[in-house]
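Undergrad: Residue strings, one per chain:
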Amino acid sequence: MNIEKAKAAKKNKKRNRLIFRTIVLALLLVAVIYALVSNFNKDKTDVSEGTQAPDFKLQQINENNELETVRLSDYEGKGVMLNFWGTWCKPCEKEMPYMQSLYPEYKKKGVEIIAVNLDTTKFVVEKFINKYDLTFPVPYDSNKEVRESYHVEPLPTTFFINPNGEIVEIVEGGLTLDKIEGYLQQIMPEQ
Amino acid sequence: MNKIKCECGHVNPEGTVLCEACGKPVEGNQHIDGNDQRKLLNMRYDGSARRSQTYNKSIIDKIWNFFSSVKVGVWLIVLALAASAIGTIFPQEQYIPADAPSRDPSVFYEAQYGTLGQIYYQLGFHNLYESWWYMLLIALIGVSLVICSIDRFVPLYKALKMQKPKRHTTFLKRQRLFSETEHVTADEKDKLVSGLKKQRYKVREENGHVLAEKGRFSRWGPYVNHIGLIIVLIAALLRMTPFMYLDEYVWVREGEQTVIPGTEGEYYIKNKKFILETYDKNDERFKEAIEMQGNVAKNYQTNAVIYKEKGETVAGADPELEKVTEDKIRMNHPLKFAGYTLYQAGYQQNEFKSMTFKIHKTDDPDEASLGSFTIDLTEPKDEYQLDNGFSVDVTQYYPDYELEDEEPASKTNFPRNPAFVLTVHPPGNEEPEMSFVGIGKNVDATGENDYKLGIEDFETRYASGLTVRRDYTLPLFIIGAVIFMIGVIQGMYWQHRRIWLHPTKEGIMVAGHTNKNWFGLKKDIEQVIADTNVNMVDDQLDTD
Amino acid sequence: MDSLIDVSSTMLYTAFILYLIATFFFGATIRDKNKSSTKGAGVSGKIGITITIIGFLAQIVYFITRWMASGHAPVSNLFEFMTFFGMALVFAFIILYFIYKLNILGLFALPVAMIVIAYASMFPTEIAPLVPSLQSNWLYIHVTTVSLGEAILSISFVAGLIYLIRQIDQSVRSKRTTWLEIVLLSLFIFVGFSIISTSFNLSGYSAEFEYSFNGETVTTDYHLPPIAGPNEGELLTGDRMNPLFDAPAWMKGVDAARKFNTVIWSVLTGLVLYGLARLILRKRVGAAIQPFLRKAKPDMLDEISYRAVAIGFPVFTLGGLIFAAIWAQLAWDRFWGWDPKEVWALVTWLFYAAFLHLRLSRGWHGEKSAWLAVGGFAIIMFNLIAVNLVLAGLHSYA
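Heads up: the sequence lines are chains H, D and G, in that order. Once you know that position 124 of the first sequence is 124 in this note's numbering, the rest is easy, because the numbers rise by one and skip nothing. Once you know that position 427 of the second sequence is 427 in this note's numbering, the rest is easy, because the numbers rise by one and skip nothing. Once you know that position 155 of the third sequence is 155 in this note's numbering, the rest is easy, because the numbers rise by one and skip nothing.
Worth flagging that the hints you see were computed from the coordinates, not collected in a lab. Because the structure is a prediction, the values reported are computed rather than measured. The hints are all genuine.
Under the rule of at most 25 Å between Cα atoms (straight-line distance), these lysine-lysine pairs were calculated in the DSS-like manner:
hint	chain 1	residue 1	chain 2	residue 2
1	D	K381	D	K361
2	D	K310	H	K57
3	D	K523	D	K166
4	H	K131	D	K381
5	D	K381	H	K127
6	H	K127	D	K353
7	D	K452	D	K441
8	H	K14	D	K3
9	H	K109	H	K179
10	D	K310	D	K336
Non-contacting residues of chain H with respect to chain D, defined by C-beta distances greater than 12 Å in every case (computed):
hint	residue
11	E112
12	T157
13	N162
What follows is a list of derived Cβ distance ranges for each label pair:
hint	chain 1	residue 1	chain 2	residue 2	range
14	D	D376	H	N39	43 to 53 Å
15	H	V30	D	E130	14 to 24 Å
16	H	V47	D	G428	57 to 67 Å
17	D	I455	H	V47	36 to 46 Å
From the three backbone atoms N, C-alpha and C, an ideal C-beta is built for every residue, glycine too.
Take the sequences, apply the hints, and build the full model.
TA: Right, here's the structure in full:
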């Protein structure tokens, strides 16, 4: 047998083995990394800062507001402060007057405030609205469908959506007057 | 060192311990299986060249060889075993009892178990099975499974394929079962062969040398079951992608309709009725037990209707619904539709559905009713007109009443402790009167009311808790489990038995090997040599 | 109805007695001086296995009549389950006996089965209705398969134990002799539990305590004199002894203190029994048994121990993991939930997987393998008993 040939064959075989092992190990490594990464990302959802806000359409129940229904996509080109709240929730109750005080001014500047209500009866909501003289639209999410599509857990949760329909900021928990104003300015359309 | 040519003429790959064809120990490689220390040959993988035993050059080879070791595999198993056990010392976060004073893990473990609990929590053991390191451990077992199997399957396959009936005498003498008989007639030799065939051995002959084999396929059992396990692990991996696996929970109250979470707003569920049944106390069979432990639940059931939203779906838009199915959901009997499965998982009965009030004169000791009205707590009206001229305004409603900082408020939005501020307008032009009424509460605003309100009746309702699942990985788990079972049965309930007959000048050598169940092999040989004067094999393990 | 239940209990009792008699016959095989015992069963052995089979049939009758009486397979509480496990042990023994014809196996396997049955009957034996989650055919399939698997694996322990008693050098005291004594002592503790529970049950002892549990005041009824009382509990029954001390505060489960008290009593009784045995024998218990095992062949015992794992492992996998997963998927909406009982089934499975892999290497046969078999049995018993009583999760039957 030709020694040169045998050496070459051996070398060839060695190379093939190395390639095979590398491929198998690489595949396994990818699988392991995938497992660890998806375990790490488990709790993240598809509605997050930087993503497009899901559209929705709800009945509007604030009698001080002329709208019958609210559809988010109708507000393209405007900034939207989308607030999820309930009458029983104390921090919601606290921030409502702040929102009301800023509403007329910012509506003119092209920012809409929409406060999606999650109560089980409209009755208490009406009483609440009259108590604080709210004028911004209050859509009523009776099926909790919008809450579900925004993955809202604690109340209040507020989404600040820019004129392109993109979520700029998600705030869980109550807001102060200053903070609301700061966020509203962030999502104000350019003049 | 390259290929090794044996004296029988067979060329073995590098690292071979026992010649693939004739079994002669390859000089210089005996340390690999420890054969240099002992009389009996180590027959693992038939002495074939496991790839890992040979090259150890590049980093890839080193990693490969590390995982290819069964020892490493066993260590990984032991570590996983220990870690799993540790996770049961205290309950995992998800099993913190619902009635614990605080379910917040940072509080619970210390409060309940003291310092040890605190340490347990801080080490992250309260969520051990989801921790990155536990997952890594399981993943490494998977890696070890793949590499061990690849590394051993091919050489073993080759060795079993190459084996020749004629074996080297050293190989035979160093088998566990061996005997040599000086004088054996040709007739007796034939008897041996036919005896082997009768016992359903596959017999191969070559110049009087005989290899009888049975159950070789059981050698592949381990590889088959490892493939099953790998499929199960792949399924577990896929389960981490949200598309493949969905896990949601929904509460739906009797009479209520709600969107099913996780279905992108496509499906709705209506709870028509929730049923809770308990065993009959008078049932003779269970009388004693029920007396001892109290009522025992017999059935949890939700009568549900599933709807599908028709047309374009915009969240919240008044959905146009189409009924998909109507069925009962019970424990152990989930409801399936369109790839989703709904399981009965819990219930609550702490909500009121409606309350009926009556009006009576404050100073009437009999509290005779002057008229009554019912408030539907899901949709209270502003005003209730009574037949006898009374009317009642609902001035304020607190679904879950509590007093906070001296102010009435509602704790949640569910009618768990409903309370009302009601204004009674008596017939005629008498002054309206205000009252505050709730469960066990009846406050008169001025203290001078002529009429008093009392709760006459109320209805409660159940909320049913359902889990929503969509799991496309289930079939893969099932396939993996089935393959595993096939492999493990194949490997455990059959054994690879081999008997070699080696003619000597006038006599014969008999040797036997099996991977399990030596007792069975000995019985086989006993039957084969019956009616001949061939010596029964010695179990050389005794003398080893 | 009542008559069925009576038949059922009588049959269980009969089975127990028959196992006891069979044990004596298997014991007698030791004295068989003729060589028949190495090949074939011998007369005593044949009688022994016949009585065992009759006993097993009696227990089957128990099982069927109880099933008829309750309307569901009697594997739904700790008593029923442990009794079934004892029955499965006998069945597993019968299978392996017919493969290997080893009489000495019966001498050890039957007492283990009897200990298990006696232990089981200390738990409430009333027929209890099934809660919704248990109303599934998969429950029966899962429970029966898993206990059969565990029973076969337990035979591996029995063979391993015989191996250890036979092989460990008893001429000097060593770590190994001490461990072997500990293993034997734990068997004494189980016996102790049955004896002490039966005696106090017969005397009708009862002492009621009041203590606070999760902020509520609850009462618990002690059937054994309280050595350890509930933490900050108050004795309600007059003229009963006061606890010597309170159970530590971290024992939080329902009736944790009472269970703890029972454990103390069992250990004490077991120690007394063991002490008596030592006094009478005047040597280590292992050393006392050893001479009777001379005839047993160690490599045969080793093979039985391994073979039992080889046979039991697939059955256990099927029952303890696969069927369990199917049932869990239907009842609890997930096939795997890291419930303590599930985790310990996994631990058992991993342990025997490691055992099977270790058997591939040299040096793990014989004594080491026998110790592993003992370890595996300890894990099984831990899962059957401790997990239910201590780490209670979804499977908390009792």
